[in-house]
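Residue numbers (our numbering), protein chains in the order written: chain A, 1 to 142; chain B, 1 to 142; chain C, 1 to 142.
The hints are simulated quantities; they were obtained by calculation from the structure and are not laboratory data.
Treat the hints with care, since some could be wrong.
Pairs count within a copy or across copies, as identical chains cannot be separated in the list.
[Unchecked claim] Keeping only pairs whose Cα atoms sit at most 30 Å apart, straight-line, the calculated DSS-like set for lysine-lysine is:
(1) K13 / K82
(2) K30 / K110
(3) K110 / K31
(4) K82 / K31
(5) K14 / K82
(6) K2 / K15
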Amino acid sequence: MKAYFGDLSFSTKKKLEIVDVTSNVENVVKKSGVTNGFVNIWVPHATAAITVNENDRDLWEDILQTFERLVPLNANYQHNLKYSWSSAEQNAHAHIISCLVKPNVTVPLKNGKVHLGTWQSILFVELDGPRTRTVNLQVIGE
Amino acid sequence: MKAYFGDLSFSTKKKLEIVDVTSNVENVVKKSGVTNGFVNIWVPHATAAITVNENDRDLWEDILQTFERLVPLNANYQHNLKYSWSSAEQNAHAHIISCLVKPNVTVPLKNGKVHLGTWQSILFVELDGPRTRTVNLQVIGE
Amino acid sequence: MKAYFGDLSFSTKKKLEIVDVTSNVENVVKKSGVTNGFVNIWVPHATAAITVNENDRDLWEDILQTFERLVPLNANYQHNLKYSWSSAEQNAHAHIISCLVKPNVTVPLKNGKVHLGTWQSILFVELDGPRTRTVNLQVIGE
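Extracted from the complex, chain A is given alone in its bound form (with noise of 0.2 Å):
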């Protein structure tokens, strides 16, 4: 059993956006040669997150408003009062979200396939954007 580590980088280039980073996610599965075994997938930013959903557009910004339907971007935070004096630490709601969604999900990987299914797709979840991002990939098997 082996492990290898690979990252995507990226940029996002709205406030609230998904990126669909299935493919980057292949592609670094097909360098490591394994087969049979995972792929735990780790974002390491605190105002991100990573999920699994279908690839529609229409779908997305549904998820993200309800999203800042359920966490507003502008409230009381006191994590917001706190730095008033920065723009850039306005996001509480990031941090907030990203612990719901949380950075991580480890997907199966069966006969040199990652086993999604048919509607699945692993998303991206931008929360404080735009930035440049990383995605930390650790593939464990055979």
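With chain A fixed as given, assemble chains B and C onto it according to the hints.
Showing chains B and C alone in chain A's frame:
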């Protein structure tokens, strides 16, 4: 270290429903012969999810009602409007809740047992039933 | 590849509370001798959870207040009504938030380090304290 794959398959009966799959997971783990390691549980659907909590039908109603209160079945979802001709596609709520609860949980195995706490069960969350559903299990260890 | 088990144990002091367990996790990883692989963090409780975010007490207040706003401590929960004679069981809110945030996170280990981003700490989320709590760690790799 070995990797063993196994699937669960079952039918849900309601629109929103929780199904306790703990004993099914334990059976697959037993078959695998792995005693120390972990089982990665994967739901290959974009309108369902997996979580962990108590086996209590009253609590399950509270959980599902809360999900529905936070992400209503009927709202101005762009996904639903795009597919307004299809009653099967009026399911943006299910995709959004699936993005929050997510399709994966990685449970430790220790001394031949799925290492859950006293009040923990593995719960499949149906968000757009009734449907036939699959859960993919991957048991890795020794 | 080896598997090492270790537990954390600590007491929480409030009803809702965040506890940073990063250094405790790092100590167990050091003891394990594993330098490349991952640590699977498991909370064996149905009224607590684990997440990852910044070590900032003001932000933690924002996070907990948001959780409480979305899933109030007092509401017509069937779980609470069923156990209306027991003050200890008035905790449906804790079960529901635990279902959303979930009990597990799988963190990569690289070159002997827990591979967290600059602003990431491993955060235990108490939702029904004060209590004595356990976190199970499983370090797998080489």
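So, going through the hints one by one against the coordinates:
1. K13 / K82: Classified as both; 27 Å inside a copy, 25 Å across copies.
2. K30 / K110: Answer is both: 12 Å inside a copy and 20 Å across each meet the 30 Å cutoff.
3. K110 / K31: both (15 Å within a copy, 18 Å between copies)
4. K82 / K31: Answer is neither: 45 Å inside a copy and 38 Å across each miss the 30 Å cutoff.
5. K14 / K82: Both. Shortest intra-copy (25 Å) and inter-copy (23 Å) distances satisfy the 30 Å Cα cut-off.
6. K2 / K15: neither (38 Å within a copy, 42 Å between copies)
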